[in-house]
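Peer 1: As a plain string of letters, each chain reads:
There are 2 protein chains.
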Amino acid sequence: MSAYATCVERFIQSDIRNPLYDKPDMISFSAGRPDAAVFPLSDISTAFHVLFSKGELVQALQYGTTEGLGPLREKLAAVVMKEAGVVTDTGNIMITTGSQQGINFSAQLFVNPGDTVICETPTYLGALNTFSVAGAQCIGIPVESDGMNIEALQQTLEKHRDAKFIYTIPDFQNPTGSYMSLKKRKQIAELAAVYGIPVIEDAPYSEIRFTEEKLPPIKSFDTSGMVIYLSTFSKTLCPGLRIGWICADTSILQKYVLLKGTSDSQSSTIDQFLAYYYLTNSDWKARVASVRQVYLKRRNTMIEAIKKYLPDTISYVVPEGGFFVWLKLPILMDDKELLNKTTAFWNVSFVPGSGFFPEKNKNNYIRLSYSNTPVDAIPEGIKRLGQALQ
Amino acid sequence: MSAYATCVERFIQSDIRNPLYDKPDMISFSAGRPDAAVFPLSDISTAFHVLFSKGELVQALQYGTTEGLGPLREKLAAVVMKEAGVVTDTGNIMITTGSQQGINFSAQLFVNPGDTVICETPTYLGALNTFSVAGAQCIGIPVESDGMNIEALQQTLEKHRDAKFIYTIPDFQNPTGSYMSLKKRKQIAELAAVYGIPVIEDAPYSEIRFTEEKLPPIKSFDTSGMVIYLSTFSKTLCPGLRIGWICADTSILQKYVLLKGTSDSQSSTIDQFLAYYYLTNSDWKARVASVRQVYLKRRNTMIEAIKKYLPDTISYVVPEGGFFVWLKLPILMDDKELLNKTTAFWNVSFVPGSGFFPEKNKNNYIRLSYSNTPVDAIPEGIKRLGQALQ
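For the record, the sequence lines run as chains A and B. Here the numbering used here = 1-based position in the first sequence + 2. Here the numbering used here = 1-based position in the second sequence + 2.
Derived by calculation from the structure, the hints in this document are not laboratory data. Any given hint might turn out to be false.
[Stated by the list, open to error] Cβ-to-Cβ under 10 angstroms is the rule here; a few derived chain A residues that face chain B:
1. A5
2. N106
3. I272
4. N283
5. K287
6. V290
In this text, all values refer to a predicted model and were calculated from it rather than measured experimentally. All C-beta atoms in this analysis are idealised placements derived from N, C-alpha and C, irrespective of residue type, glycine included.
The shape of chain A in the complex, shown without the other chains (with noise of 0.2 angstroms):
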């Protein structure tokens, strides 16, 4: 057979989804899927008998635009965006399938083969999958607590003023959980516009807040029209209705809307009917706030079992957000050897953290999931863990 093209070569096969992991038994801390408690299953119900009663399923099923059905994009931009703390109009705002589509049209759109993009290391490793598949070269920029390191990105930029893009995700990283400063945020829109850089915004987690202080995104502080941003009703609503959205720049967004109609045509018109009618019927903001106790429950489950069962010899921090605590190993520990002695004998999953790494140079970090676990089953699976590292 005539060869596949090169980008073939570049696919890295994820941990994330191992069928291998999914034993009967097995206590699983891998997949970042949301808590199936809290889909809103009667309003998603009465959304689809509003579109019944009133005759509108035989819009939800026919063709749509492009860029999305306008009544949700409206919505989208009164609603949601602006509970985020952006400002935006529906003309700037295009429908996804999930965030993941975003960062892949990201990564077509600006990269050719060789190209340099500058992400947080470590990072989601489906955006560095998609960036590699794209022929990208990545540069890490190591994130603290507060987010990217600010100089370390300074220098970079200096020396690669070529890059493409940066990609980051300032709420409750992936893997990390860091949480972005109010400084970093205003710093990097104003690397942006001086380097004249696009900034890929990642926002998947940001409404699944468990602090007090909510710190506006990236988006809100750009005057230069550099910021893209991406989203997704994946973890505070549901991810089967596959609702992601970019809100950019209108001439950026057009080139976005070019490959979308190559790429799929369109998302689903159901999904985006359902979601507009779960928008005008339902209190967004009620609804991140009970989300948002929901997973507060969960991380403190789990940081009180790895202060009950883990060795001080592991160090974390405590995510102020999101689905994920990164735990660091001792150096000598491997993080894939650990994960094949856990899921032989402790039936216990987890992500190895250097998959995160683009530079795949880590690997004594481990990445727990606590959104989706039993959750009276996360004291038994951290104490497993804490058998496994004796």
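Got chain A sorted already, so can you dock chain B onto it with the hints?
Peer 2: Frame of chain A; chain B shown alone:
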């Protein structure tokens, strides 16, 4: 700002969804949208109620697997692919967001910029655009009333041994309506094996058949595992549930799954559940039989009007299926000038034919769609076109 990737320069603006032509009173023969009257509203509503009453809505709102919902893939293999004439298995099917995503993935998986792709001329412009964005050089093989010219195909394969794939629409081709003969189907499957070149068989219109004779797909003659079959529910069920699929050899399909993962993780879980319960509770064979009647009536209405109102200088072949009539204008007439004239003065629109030719050297063809125009308006629209042509 840093430059976009090279692919951005290769986007072609399509005339199909031009909002300028959405004037009131415009009779549009442009977009290949299905007739909303065929949408199975009550069956989709029933599918939703099954989901809700069985307590499965919660799974339908959660993440699913990248390759798609197992039970849906099983039904597609056992019911839909079987009816289409392909013996296949769940493991050979991946769900996509419409057939367009299958086309796009094919380009991404096989094409490096500068590579050669073989397609029909004329062919679906959404595919041409996607191939162009991937940097492919498209070589067009003339399409006759019984499909691709096989002699020209063979010569091209000899000359371009490094071509990456053959893209073909054997059933009621977009835009010509041509229906590939049994002989040519077998020949293409053979050529795929002999030359070791994948064949992308795009089959969105296969079930919209007005003839008694049903020809099996190229995939059914695939002995070498080289034929990649793409299909969709967009024309037979509804496009708003964005459910398409790829049927291919497992070793090839695995590559598509990797690409799907980095592209958008997965298609809408709820759409997949709705499609699954639709297929479980309905008679697919009866469904496609009734859909055929709707479009047969529409085709007949358009052909009668063409006979009545268009001058003899316009030639065409009566399509035996699908959504389109392909008109050949007198040689000195320009498709785009005609469109400017008909939209400005006659309130009737269509798609200029030049966009369907990879060589862009023919401008005396136009595509009329009869699929979505109100049936009663079809004769009036053709009458206006006839007046514009005088």
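Peer 1: Next, verify each hint and record whether it holds.
Peer 2: Tested hints:
| no. | hint | verdict |
| --- | --- | --- |
| 1 | A5 | holds (8 angstroms) |
| 2 | N106 | holds (5 angstroms) |
| 3 | I272 | holds (5 angstroms) |
| 4 | N283 | violated (17 angstroms) |
| 5 | K287 | violated (21 angstroms) |
| 6 | V290 | violated (17 angstroms) |
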